[in-house]
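These protein sequence lines are chains B and W, in that order.
Note that our numbering has the first sequence beginning at 1, numbered continuously upward.
Note that our numbering has the second sequence beginning at 1, numbered continuously upward.
FYI, nobody ran anything at the bench for these hints, they're computed from the structure.
Note that beta-carbon positions come from the ideal geometry of N, C-alpha and C, so glycine has one too.
Treat the hints with caution; some may be incorrect.
[Claimed, not checked] Chain W regions said to be covered by chain B (calculated; three or more residues, Cβ under 8 Å):
hint, stretch
1, 101 to 111
2, 114 to 121
3, 133 to 145
4, 150 to 160
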Amino acid sequence: MRWLAYVRPGDWLVMAGGAALVGLTLPMLWQGGFAERAIIRQDGQVFAEFELGSRRDVAVPGPLGITLVAIESGRARVVADPGPRQYCVRQGWLARPGEIAICAPNRVSVQITGRTRTYDSLSY
Amino acid sequence: MTASVTELTITAEDRRVAWLATAAVTLSLVDAAIPSPLPGVKPGLANIVTLVVLIRYGWATAVWVSGLRVLAGSLLLGYFLAPGFFLALTGTTLSLLTLGLARQLPGRWFGPVSLSILAAFAHIGGQLLLARLWLIPHNGVFLLTPVFAAAALVFGTINGLIAAKLLADTPAAEPAR
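Just chain W, same shape as in the assembly (with noise of 0.2 Å):
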C-alpha cells in the first residue's frame, strides 16, 4: 500500500469547529420549523451559538461555525444558490462584521445581549439592502423595515440572553458541544 501523498490531520480545533457547527445548523433546522407570519421575521437561534462561540472561542472560529452553518443548512433546507442563500449570506457575512467591531466594546459594561442586539440589527440591515439593490429593486422593501427592526430587537435581546446563561452556566474549559 503506497503511502497517500497527501496527509490530512484534523486538529482538535477542527473537531471543535465541527461540533459547534453541527449545533448550529441544527438550531438552523428548528429555526425554519418554527412558523413566521412574514418571510424574514424568524427567531435566529443559530445565532445562539455564533455568539458563544465568539465569546469563548474568539472571532475566527465564529466565522468558520457560521459559514459552515449557512452553508450546511441551505443544502439541508435545499435554499442552496437560491436568492434566500444569499440573503442569508449577507446577513451573516454583515452581522459577522459587526461582532468582530463589537467585541471590541469594553465588556464590564457591553455583554452578549448588546452583542447579539446589534449582529441583529446588522443582519437585517444587510438583508434590506441586499434585497433592495439586487431583488426588488423598488423603495417599497423598507414598508416593512419598522416590523423587522423591532423583530431583531426582540429576538435579538432573546437570543442574547440565552447565550449569556449558556455561558455563565457552562465552565470555560470545557468545550461546549
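In isolation and in its complexed conformation, chain B is listed as follows (with noise of 0.2 Å):
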C-alpha cells in the first residue's frame, strides 16, 4: 500500500488513541439503559406492566373502543387504535428507554422504561 507510506509511527499511536476514544464513549449510545419493560396505562392508570420479552398482544379498553398493543423482544407498538388521528399508531416501534406513544382521543399510552428512570420533561 503506497498510502502507508504516509503514515509515520507516532500517527499509528494517535490513530490507537482515536480508537480507544471512540471505545470509550460507546457506552453512551445506552445512556438510560436498555428498553426493559412496556408500561401501559388506561386513563392515566396502569393498566398492565410488560416485561419486553415474548411476543403478545395487549386489547386495551377505553371510551372510544379498543387499542391493540403489540409487545416484542425489545420493543412494543400501538397496532390498531379507534382514535380519529392514528398519531399514536403512525409513531410505530418504540425502542427506547423514555419513550412514549400516546393515544389521547382514547386515553391510552404506551410508555418503555429501562433499568434507571428517565424524565420526559424538568422544570426548575
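Bring the two chains, given one by one in their own frames, into a single complex with the hints.
The structure is reproduced here in C-alpha cells:
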C-alpha cells in the first residue's frame, strides 16, 4: 500500500488513541439503559406492565373502543387505535427507554422504561 | 484626480491566502453537497487545505484561510449567523488551537495524519460542547458521541492521508493553488 508510506510511527499511536476514545464513548449509546419494560396506562392508571420479552398482543379498552398494543422482545407499539388521527399508531415501534406513544382520544398510553428512570420533562 | 487617502497594498501573502481560502471554500461546497446520514457527520474536505497550509505556510496563514473559509462558506450556503455558523466557528477555532499545539510535536514521528485526527476530534468536541451549552441544554446531545467520534477518526485519517500526499507531490517552492 503506497498510502501507508504517509503514515509516520506516531500517527499509528494517535490512531490507536482515537480508536480507544471511540471505544470509551461507546457506552453513551446506551445511556438511560436498555428498553426493558412497557407500561400501558388507561385513563392515567397503570393498566398493565410487561417485560419486553416474548411476543404478545394486549387489548386495552377505552371510551372509544379497543386499542391494540403489541409487545415484542425489546420493543412495543400501538397496532390499532379507534382515535381519529392515529398519531400513536403512526409512531411505530418504541424501542428506547423514555419513549412513549399516547393515544389521547382513547386515553391509552404505552411507555418504555429501562433500568434507570428517565424523565420526559424537567422544570426548574 | 485626487490621490486616494488610504492605499491598500496587496502583498503576495494576501494573494496566497485568498487563493487557498478559495480552494477551501470550494471544498466546503463539495462537502455540503455530499449526502450525510446524520447532521454533523461529514468528510470535512476543506480541512485538507487547512492542513497543507499549516504545514507549508504556518499557523497564522492557516487561521486566515480557515476563518475566511467559514465566513465565505456560510455566506454561500446561506447559514451565516445561523446556529450552524456558530457550530462551524467553534469547531474550527478549537481545531486550529489544537493544530497550533500539535504542530510542536516532533515531525519525524507525527505527520499530517496525526494532526488531522487530533483536529477532527477537537472539531467535533467543540461542536458537541457548544450544542450542549447553548442549542440543546440536555445530556441527550451526547447520545451519538460514539458515532461522531468514529466519524472524526475515519475522516480525520483519510483527510490526513490526502494532505500528506498533496504535500509530498507538490514541491515546497511552488505556491499551492
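Claimed coverage, the stretch 133 to 145 of chain W by chain B - three or more beta carbons nearer than 8 Å = holds (count 5)
Are 3 or more residues of the stretch 101 to 111 of chain W near chain B, judged by a Cβ distance of less than 8 Å?
-> Holds: 6 residues of the stretch 101 to 111 of chain W have a Cβ under 8 Å from chain B.
Mind checking, does the stretch 150 to 160 of chain W have 3 or more residues with a CB under 8 Å from chain B?
-> holds (count 6)
8 Å C-beta criterion, at least three residues: is the stretch 114 to 121 of chain W covered by chain B = Answer holds; 4 residues pass the 8 Å Cβ test.
The structure meets every hint from the earlier list without exception.
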